[in-house]
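Student: The lines below spell out each chain.
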Amino acid sequence: MSFSAANLRASQGPPLDELIGDRQLVVCVGSGGVGKTTTAAAIGLQAAIAGRKVLVLTIDPARRLANSLGLSRFGNDETQIDLSALPEAKGELWAMMLDQQKTFDDLIERISPSEERRDAILNNRVYRATADNISGSQDYMATEMLFDVVESGRYELVVLDTPPVKNALDFLDAPGRLARFLDKRVMKWFLSPYDKKRVFGRLLNSTSAVVFRLLSHVFGREFLDDLAEYFQHFRDLYDGFRERQEAVVEMFHDRRKTSFFIVCAPNSPSTEVAQFFLDELSSRGMPNPGVIVNQRHLTVGERLDARAELSSAIDGLSEGLPPAAAGSLLARLGASHRRLLGLSKAEEAIVSSLMGSLRPDQVSWQVPRLDDEVNDLAGLARVGAFLFQRP
Amino acid sequence: MDVRKLLNSRLILVTGKGGTGKTTVSAALGRLSAERGARTIVAEVDTFRPALTPMFGQKPTYKPHAVAPNLDISNISWRDALVEWLRGHVPGQRVVRRILDNNLVQTFLDATPGLRETVILSRVVTLLEQYDRVIIDMPASGHAISLLGVPNVAIGLMRGGPIRERAEVILQHLAAPTTALVIVGLPEEMVVNETVELWNRLKKEVPSLREPLVVLNRAALPSLSDAERALLERLDTLNMSDLSPVQQELIRAGRWEANLEASTAESLVRLDEELGVPVIPVARLGALGGFDGGPVRIVQQVASTLKRAELAAVQAAGRAQS
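Residue numbers (the numbering used here), protein chains in the order written: chain H, 1 to 391; chain V, 1 to 322.
Honestly, I wouldn't trust all of these hints.
[Unchecked claim] Cβ-to-Cβ under 8 Å is the rule here; a few derived chain H residues that face chain V: (1) 91; (2) 94; (3) 96; (4) 122; (5) 125; (6) 217; (7) 218; (8) 309; (9) 327; (10) 332; (11) 336.
[Claimed, not checked] SDA-like cross-link-like pairs, simulated, lysine to any residue; straight-line CA separation at most 20 Å: (12) H/345 <-> V/59; (13) H/345 <-> V/265; (14) V/204 <-> H/345; (15) V/59 <-> H/305; (16) H/345 <-> V/256; (17) H/102 <-> V/59; (18) V/59 <-> H/276; (19) V/204 <-> H/275.
The hints are simulated quantities; they were obtained by calculation from the structure and are not laboratory data.
These figures come from a predicted structure and were not determined experimentally.
Even for Gly, the Cβ is constructed at its ideal location relative to N, Cα and C.
Take these sequences, add in the hints, and give me the full structure.
Tutor: Printed below as a string of structure tokens:
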């Protein structure tokens with residue numbers, strides 16, 4: 001690494017750890033492929049080095065956290081990351097990836113009033129298909145798991161890595177959406193034909209009767225029966241669900257507990273998404289201290305003369321190689337530097353336009369693209385150093 | 001999927017990790033297809049901020065509209081797809097309106113597992129009836145798996161009814177030899193991991209899918225000679241503290257590009273070993289590796305790379321025969 005601090009001039013304002021302070025939850029949002037998972041893991045690692053007990057939680061269905069932490073794979077279990085290679089680390093780093101089905105099953109286990117009820121739900125065909133396979137329940141499960149780990153008090157800090165943009169918004173909305181889904185009125189409406197005492201009154205007069213007949217035509221009667229059973233099971237559990245969902249929503253809005261960080265790369269598609277998140281988080285009143293720009297290409301110097309600079313150094317190294325190699329490599333180095341500089345400047349323009357739309361109380365951080373891919377603890381520590389460096 | 005057959009497919013599904021350039025590749029395939037005279041539509045799936053907009057300078061809506069001769073674009077929003085689907089299956093507009101005006105029913109439909117995915121895929125099938133070629137810019141990895149997995153789930157859950165019937169039709173299309181799956185990746189270790197994992201999981205969830213073709217976007221194709229690379233490596237062994245910042249920066253810039261070439265080479269080897277499917281490398285464009293020159297130009301460049309790959313495959317096949 002040959003970046004000078006001046007060259008980086010990256011972060012304006014306080015280092016990230018001051019902003020995180022003693023908050024319990026950090027959420028990383030942004031478009032795909034911008035190093036969100038890496039950033040989440042790097043933040044987690046830095047906090048662990050500083051002495052906190054940290055859990056990094058990823059709900060990305062692509063399961064990339066294992067890659068970032070250099071682990072082969074881990075399931076829904078909270079797995080402690082071995083920090084023995086970093087003797088300065090005073091805290092603990094744990095990681096977990098969302099296993100949707102298991103999270104759902106555990107939840108049912110916890111809130112079911114009886115074993116019979118639990119088994120009836122777990123064996124319902126709609127339940128099996130939904131918990132396992134349908135997108136949307138993923139987002140809900142993430143908030144469920146999040147609630148669980150934060151409330152457990154097992155960790156001082158939870159760092160959450162979210163899926164790419166469209167779904168991250170679903171994720172912010174998931175609590176609300178599920179609460180609507182479990183709305184008692186909706187359930188009552190849907191279940192009324194199944195309510196034996198009321199079935200006649202219902203079917204004889206209302207719009208619902210028409211709609212319901214229609215639905216059984218569309219979905220098939222058997223599926224509707226399964227679905228009704230599914231909803232009936234959940235009807236009694238509704239209050240438990242709602243309380244937990246409301247707690248998550250409240251946590252998202254609590255600036256003393258939570259920070260959202262937007263992560264982006266220095267290209268226009270990604271900064272457009274970042275801009276979108278700036279607006280969204282702001283309009284939802286969610287605490288967002290700033291933006292992390294990853295993968296910045298940085299360099300120093302203009303129009304460097306590779307021949308003048310490196311001829312003498314290269315002459316001593318050319319033994320056994322064709323004589324033309326030195327000249328062509330020097331030309332190549334000059335061209336490479338021009339391309340790197342061009343890239344750096346283009347990124348600068350893109351980033352500064354995003355910076356212009358930050359509120360005065362918001363901060364930006366820039367992390368250079370490192371020479372090697374970040375896929376181990378040492379790499380994460382290097383990324384973290386840029387986020388947490390002192391001015 | 002053979003490169004030569006790609007542009008003869010009826011349905012092309014484009015997916016991959018987020019940020020790899022799925023939309024660019026979808027748009028490029030759309031351009032090529034339309035240039036060859038096929039009535040083509042490029043559609044994205046229920047996106048909040050349509051990604052196709054910068055590629056064609058127009059925002060896609062549910063209703064397809066033309067952006068070039070033979071080329072339409074669309075954004076398959078699930079609510080519109082639902083309305084269309086209800087209209088097709090429910091006798092009488094009055095009833096459809098009654099359903100859609102009822103908030104409770106809306107919420108119910110919103111919450112019904114798999115309905116969203118089914119009506120979206122159903123719309124894809126409808127588009128196949130109207131166009132010679134349908135190119136779908138799919139969601140990223142995990143959500144693509146959920147989307148394509150739904151017909152099997154629906155068939156497992158419903159023993160009859162129009163949704164099940166539609167799911168069966170969708171599955172037939174997914175399994176057809178005229179359907180191509182394209183996975184877009186980048187020459188980076190983690191992206192290659194995800195590309196491999198994506199296909200392994202898709203294969204499991206939707207066993208009838210045929211093997212994909214990988215587009216390796218932003219590839220750095222080899223340009224350094226062996227002697228140049230050897231010399232650069234020797235330069236790299238110099239003690240950096242003996243060098244001036246300018247000297248260090250020049251070496252770093254050279255190493256930056258050499259590393260890009262090395263990761264591309266390594267990614268190609270890994271994709272071949274771990275997936276064993278055809279890979280088309282698309283060269284990085286300009287300094288920004290894909291983001292300078294504007295999206296329209298990038299789409300053109302990707303299109304011409306795909307065309308060259310196709311031509312090369314035809315020539316290679318010709319040589320093998322003679």
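Student: Each hint should be assessed against the structure and marked as holding or not.
Tutor: Status of each hint after checking the structure:
Among the interface hints, the one on residue 91 of chain H is violated; its C-beta lies about 26 Å from the nearest C-beta in chain V, farther than the 8 Å criterion. For residue 94 of chain H, the interface hint is violated, since its Cβ never comes within 8 Å of a Cβ in chain V; the closest pair sits about 21 Å apart. Given the 8 Å rule on beta carbons, the hint for residue 96 of chain H is violated: about 16 Å separates it from the nearest Cβ of chain V. Given the 8 Å rule on beta carbons, the hint for residue 122 of chain H is violated: about 16 Å separates it from the nearest Cβ of chain V.
With its C-beta approaching chain V no nearer than about 6 Å, residue 125 of chain H sits inside the 8 Å limit, and its interface hint holds. Restraint check, residue 217 of chain H versus chain V: the minimum CB separation of about 7 Å is within 8 Å; hint holds. Because the smallest distance between the Cβ of residue 218 of chain H and any Cβ of chain V comes to about 6 Å, under 8 Å, the interface hint for this residue holds. Below 8 Å, beta-carbon pairs count as interface contacts, and residue 309 of chain H has one with chain V at about 5 Å; its hint therefore holds.
The restraint placing residue 327 of chain H at the interface with chain V is violated, with a minimum CB-CB distance near 10 Å, outside the 8 Å limit. Taking 8 Å as the C-beta cut-off, the interface hint given for residue 332 of chain H holds, the closest approach to chain V being about 6 Å. With its C-beta approaching chain V no nearer than about 4 Å, residue 336 of chain H sits inside the 8 Å limit, and its interface hint holds. Of the supplied pair hints, the one linking residue 345 of chain H and residue 59 of chain V is violated, its CA atoms being roughly 30 Å apart against a limit of 20 Å.
A distance of roughly 28 Å separates the Cα atoms of residue 345 of chain H and residue 265 of chain V; the hinted pair therefore is violated under the 20 Å criterion. Between the alpha carbons of residue 204 of chain V and residue 345 of chain H the distance comes to roughly 45 Å, so the proposed pair goes past 20 Å and is violated. At most 20 Å may separate the alpha-carbon atoms for a hinted pair to count; residue 59 of chain V and residue 305 of chain H exceed this at roughly 46 Å. About 16 Å separates the Cα atoms of residue 345 of chain H and residue 256 of chain V, which keeps this hinted pair within 20 Å; it holds.
The suggested pairing of residue 102 of chain H with residue 59 of chain V is violated, with an alpha-carbon distance near 40 Å, which exceeds 20 Å. Taken as a hint, the residue 59 of chain V and residue 276 of chain H pair is honoured in the structure, with Cα atoms around 17 Å apart against an allowance of 20 Å. For the given pair, residue 204 of chain V sits about 37 Å from residue 275 of chain H by alpha-carbon distance, which is inconsistent with the 20 Å threshold.
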